[in-house]
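Trainee: Listed in order, the protein sequences are those of chains A and B. Per the working numbering, numbering of the first sequence is gapless, rising by one per residue and ending at 653. Per the working numbering, numbering of the second sequence is gapless, rising by one per residue and ending at 925.
Just so you know, the hints here were simulated from the structure itself, not pulled from any lab data. Keep in mind the model is a prediction, meaning the values are calculated, not measured. Among the hints, a few may not be true.
Unchecked claim - Heads up, simulated EDC-like pairs for lysine to aspartate or glutamate below, C-alpha to C-alpha not over 16 Å straight-line:
#1 A/K338 / B/E924
#2 B/K799 / B/E771
#3 A/K474 / A/E527
#4 B/K882 / A/E527
Single-letter residue listing:
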Amino acid sequence: MIRYLIFFLLPVSVWAQKDSLAPVSLSEVVVISQKSPLHKTAKTLGSVDDYLAGTGPVNMIRRGNYAWEPLINGMSSERGLVTVDGMRIYGACTDKMDPVTSYVEITNLAKATVHSGQSGSSGGAAIAGSIDLSRRKTGFGTKETGGMVFAGYETNNRQKMGGFSLYHSREKFFADADVTFRDAENYKAGGRQEIAFSPFTKYNVSLISGWKMKAHSELEASLIYDKALHVGYPALPMDVGRAEALIGSAEYIRHHLSESVNLWKTKFYHNTVTHIMDDSRRPDVPVRMDMPGQTRTTGFYSLLEGGSSAHSWKMNFSGHHNYSLAEMTMFSNTPGEKDMFMLTWPGIRTRYLDLYREDTFLLGEQTSATFNLGLATHLNQVGNHLGLESLKIFYPDMTKSRLRVLKRASSSFQYRPGLWTLNFGLAYGERAPGVSEGYGFYLFNSFDRFDYIGNPNLENEKSIEGNLAATWKKKRFSARVSGAYFHLRDYIIGRPDGTLSTMTIGASGVKIYEQLPYAGILNTGLETQYRFSPQWRWHGRLSYQRGTGKNVGNLPLMQPLTYTSGLTFSTGKYTAEMVLNGATRQTHFSPNFGETPSSAYQVLNVSGTARLRSFLFKAGVENLTDMYYSTYTDWNRIPRMGRNVFFNIIRSF
Amino acid sequence: MKHLIYILVTGLLLAACDSQEVTPDIPEELRLAATLQNTTHKIALYTPNGRFQAGYNAVTFKITDPDGKPVENAAVTWHPLMHMHSMSHGAPASAVSTTRNGLYQGYLVFQMASNDSEYWELTLKYAAGGRNYIVTEKIEVAEAAKRVVQSFQGTDGNRYITALAEPVSPKTGINTMKAVLYRMDNMMTFTPVRGFKLKIDPRMPGMGNHSSPNNTDLVSGETGFYEGKLSLTMTGYWKINLQLEAPEGTILKGEEVSESREASSIFFEIEF
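Okay, chain B solo, but in the shape it has when bound (with noise of 0.2 Å):
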């Protein structure tokens, strides 16, 4: 009897153990948004709400071989790609990091939706067991609800990209508020900014541009977002009005809400 125990417990903790290496476990609150495929591997790319769509998507994302095996610690590299009438340009990525458990995490920031005939292609380079791969697909990238992504020209002759990271599910109080900054350099390259700051000046239009008190503006920290603090005094559509100011005290774009200007020229928006 004793034995059998042993054995059956014994059991459990291998298939514990397999279990874990053989699939490593996507978290419960993600969803599948796209799989892409080369001869090789299979890459299922997973996020918050099931979907890419406009603006910042934090992705989640696993390779596996052909008999479903997890391909771990990869050096993956990934570029955006969007195919315009006339022309065609990248997107800010993230680098894509290794989770603990197997798993590839980064963000992409698409500064626009796909549509009948203007797409988005995702490429994957990756290089496993001393080989290259690579993979190419088309994704479909939703329309956002919102505004969560501002493609503008500072003063300074530079075109910047911005986007909404958080709050995801924003909250009546005081929210933490993360947002990505980016330079385009070119059609193809887009660098991370550091060392500015985002100005916030939330905003309620239907309620005479109410405001709130308590915001702390975004600026970068160690974790290469913009963070701040973000004060909703209800439930509800707000408009968080942007500033950019570079290092030394410049505003590159966006104007400051008054009594005549209901309403900066970039901006965020959240409802909930």
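Isolated chain A (complex conformation) (with noise of 0.2 Å):
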């Protein structure tokens, strides 16, 4: 299990610039580990939250201790496109209590590959980037069986996990699996201040096993199943009582078609997954309610990718159709009166086609060029008849379906002269409503307190983005500084509408999804690293965001200046680590959206790990100061986790 404790060593992240004149990626891959980000996080049986929280530009919005938001560049989810292994998975909570990323463990993960914007966007039209979490597997190989078993405890939240993973290779088969198990009680922010309703319970299994049937003829099968309980959300007004994943597939391999395709790959799959929203466990509501959502998508795809020497392409046929649908029933405080039923995602069909190409270039020693193109065929369809109905009480002359094209373009450039590496790009892309923006019926949103109306006359979203880094590289020091625009045209966002009554008892109003001229995001970044011998290195990262959009102001959720320094020393053995996390007050705040100004604050991280033999042991303390403080990205400002001790233990075999 050698093998697995290596990849400790590697830097946390990494921008994927490769030295040799292999093709060059240009987007930022976010690399934790070759094998497993187990080992490479600071905290490692942390979440797969935790890891992604802060990685390139991936901010993660939080409304409770679990199952967190990925936003790229600042954009809400519906703008980023989150798959795992390549599949498109649809959340099934009309509140985004469900994001992808909370059907995964870190225990299964392998890497996520995060592309900012257009790069890299073959999954999909998407306008912010695209995180694909790929799932560790061992791969064929010599006759071998092992695994590890782990266990977790945190201090705060009185969090205990545990599990094991097992993998069998050979020559011709592999099997991993991976079974995984959290339990957490409500944490404490800073000051020992209890958050009510935010314990959880969550189990997830992971199998993967590949069969070679030839040389270079491979098939895959693999299957999720993640079921959390009793998921306490503080900064929203319900809870979950059960969020439920299965995911399957089945993939053909095949390596070295030919002289200039090396890999074809082929995946049918298909996922569904239920989410019960839950109010039993708050003392004081307004009204009792049940909102069960579920979603079932069942896609394919089939990547070609080949090239020689100075040309490399990748071709990817994809699609999937995917049905949502998300009821509410209230039950009326007077007795004997019927019950209210509304269904807030009228089961939406979507049915999506996508061809895309990529091609690399490399125009001489010190320079590439990259270009995609991606086409795409977007129906949604009201699948519901009482859904319908709903809708054209607002939209009397709605039709049933709509039919849309999307289509996405980049180019861009790398320039790599002595210690410096200079990148440059160029994209337009569009991007569907997503299903609330088109179709939702009265989804409060607990931030503005407004209620949420979707809008199916809404225009495809257009982007216009710009990017520039520049790294400069020597032995000990290296430093990447980095700028994206993107000018978004027919941004799509929520306005009042006063001439509606709320649905929510206590709500402030009724919002109605219509469509900005325009809004601009600006995301920069500067990254700096420096070893100072080889056993210590210290890291440096300031990010900051700033959005606007015609006629509103600013845009939610945006990033004020953060900074992450971090010093780390680390022997064969032994590794420690502090990292100073912080970020100043925002003033950018949007009030619209419900936002105050966050206030700034720094909260510092000690963390220690020993290898002795086949165990890991790491321990560390988050928040040491007990700071009581929450971010831009807290969720109604809920305080974030006080200090926590936590253990973690890995034995390999």
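With the hints as a guide, dock the two chains, each given alone in a separate frame, to form the complex.
Mentor: Here you go:
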């Protein structure tokens, strides 16, 4: 199991720019480990959310201590794309309590590939970028059986976690199995203030198996079963009783098809997500309600990769069909009165087909260029009669279906004179409105306290994006400065309509999704690393976002100046790390969205690792000073966790 | 063989004609609510739910002689009468029309239900074969589950009665809403009123008085009904607040719902 452990030494995040003349990926690929991010993060058994937070252009919106929503380049999840091993999955919660990332566990994750903007948008049309979570698999090899058992404990919310991984590999067969369990109670913010309704319990089982039929020809099957129970969302008026996902796929992989085509992968997949909200633990609600949601997605992709020494290319043909239904039943406080029932997602079918092509050319020793082109058709259909009748209250002339064509194109260039690497890119992309934006029916947003009504007449949102990055790298020191600007046309946002009456008791009003003529989002970052000695390393990061929209001023959930400064000491067996995270006060907040200024904070985390024989021990303290704080990503400004001591232990065999 | 088929087919056709003539078909969805009888005829009255109830009642009926033969195209008038302790009064009743298949149709609006000591009597007068007939019998009028009729005095001094006719089966979405409006000229005379407006404001008192958009106020149309559009965003209990507006724009009865006023003094109720 040594091979698991070596990756521990790799830096936490790598901006993928290979030094060889091999095809260069210009996108920002966050590779936490080749084998498993398990040993790479400061907190080995932390959540996928912890792991993604703050990597590259990703920030996580936090509504509780579980299932955070990834924002890419400061844009909400409708604008980005999250896939698991290339599979499209639709969360089943109208309140975004179950982003796709919540159905994967850190222990079965191999890496997260984060593409900013249109770069590498093979997964489909999106504006902000994409995250693909790749699960760990052993692969074919010499006959070997092994695995690990792990356990962890966190003092703040008494989180207990445990599980095991097993693998078996042979020349023509491999199998990986992974079982993880987590259980946490309410967490405490700084000053030991308990945050009510914040516990969770989660089970995750992941299986992958491969069979080599003949040389260069493989079959793979995989299954994820994830179940979370009694998940508290302190920032929301309701919790989750059960969130369950079953994700399965079968894939055919063919290597070395011909001299110029070196990979052909075709995958078929199906997944179902069920999300049951629950307010039974809340003592005081205006009305009791049930809000179950369900999505079913069936899809495929077929990917070809090939090239020669100076040119590499990729083609992907993909498609999926999704059905999203969410309902709400409210139980009247007047005895004998009938239940109030409505569809909040009126049985929306999405049929999506996508063709994508990417070419990378090496234009000499120092220069390369990548172009990609994508074309998709996107069909939305209101699949439920009751749902259609309901929406017709607002849109009497609406039709059942709407077909869109989504186009995207990007070009990026890399030039590497001496110690410098310069990147420049321009892109155009479009996206269709999400299910809530197009067809949501009285979806309550607890941040601005408005009920939201979807708008089936929305046009595609368009993005024109430019990005620049410069990296300077010497043996011990490296620095990278980057910036990306998104000019978004027909920006989709909820706008208040004073003539409408709220549905949710206590709501401030009703917003209808509309489109701004344009909005702009700027992302900037500076990353530095310095290696004092083979043992001592310092890394720092500064990032800042600014987003404004025509007629609305500041856009919500933007990052103020945020910084990270970390010092790492590592020898072969021991590692110690101290990281300071902080942000300045956010003054460019969006009062329209219910935001208040978020105050500045600094949080200090320390951790240490020891690898002794087949054991890995990890312990640390997060928020050492027990600071009471909340950040720009905290929904309703709920405070973050106070001081937390954690212990992780992993035994490999 | 061929002849046999002809005979069978002809027989069938004759039988079909015959049955149509002898017993007019009552639409399947209707239920028998009452039977009135005099020495010469039997009158069977049908309503959608098999009973009379306070409010608007669409009634289909058939008149048959002792042989069971239907009496068609008679000129019929009907007069409901409420016997109260100290007084009696009538109720709005539509004109009676004959239908294609020999049935009669119309509606009655009962302002109240009958009870142990106060009762409704229905009188039908009809002319057939050159003779006039009359039948009067007591009928049961049940309490409506929800408020579907309003009797009130307008600011113009007149008494009005309005009753909810549709939707009979409300649905989530946009419903066609119909109501009737009568002026009570005296205890026995009720005149249909045209040209007014019934303003509607549907609310859910159980949901913080949530309202729905895109409702259309009820105006009188060709059919004699006041007709408009009612949006219901979900199932459950709805209060349809009403305001009666005279042609020149004065509100004769009812108040606008606001933060300080939860409901109008006149309203219908719908629960589904």
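Trainee: All hints, please: hold or fail.
Mentor: Results for each hint:
1. In summary, the hint linking A/K338 to B/E924 is supported, as the alpha carbons are separated by about 7 Å, within the 16 Å threshold.
2. Proposed proximity of B/K799 and B/E771 is contradicted: the alpha carbons are some 21 Å apart, above 16 Å.
3. Taking the CA atoms of A/K474 and A/E527, the gap is near 14 Å; set against the 16 Å cutoff, the hint holds.
4. A threshold of 16 Å between alpha carbons decides the hint, and for B/K882 with A/E527 the separation of about 61 Å lies outside it, so the pair is violated.
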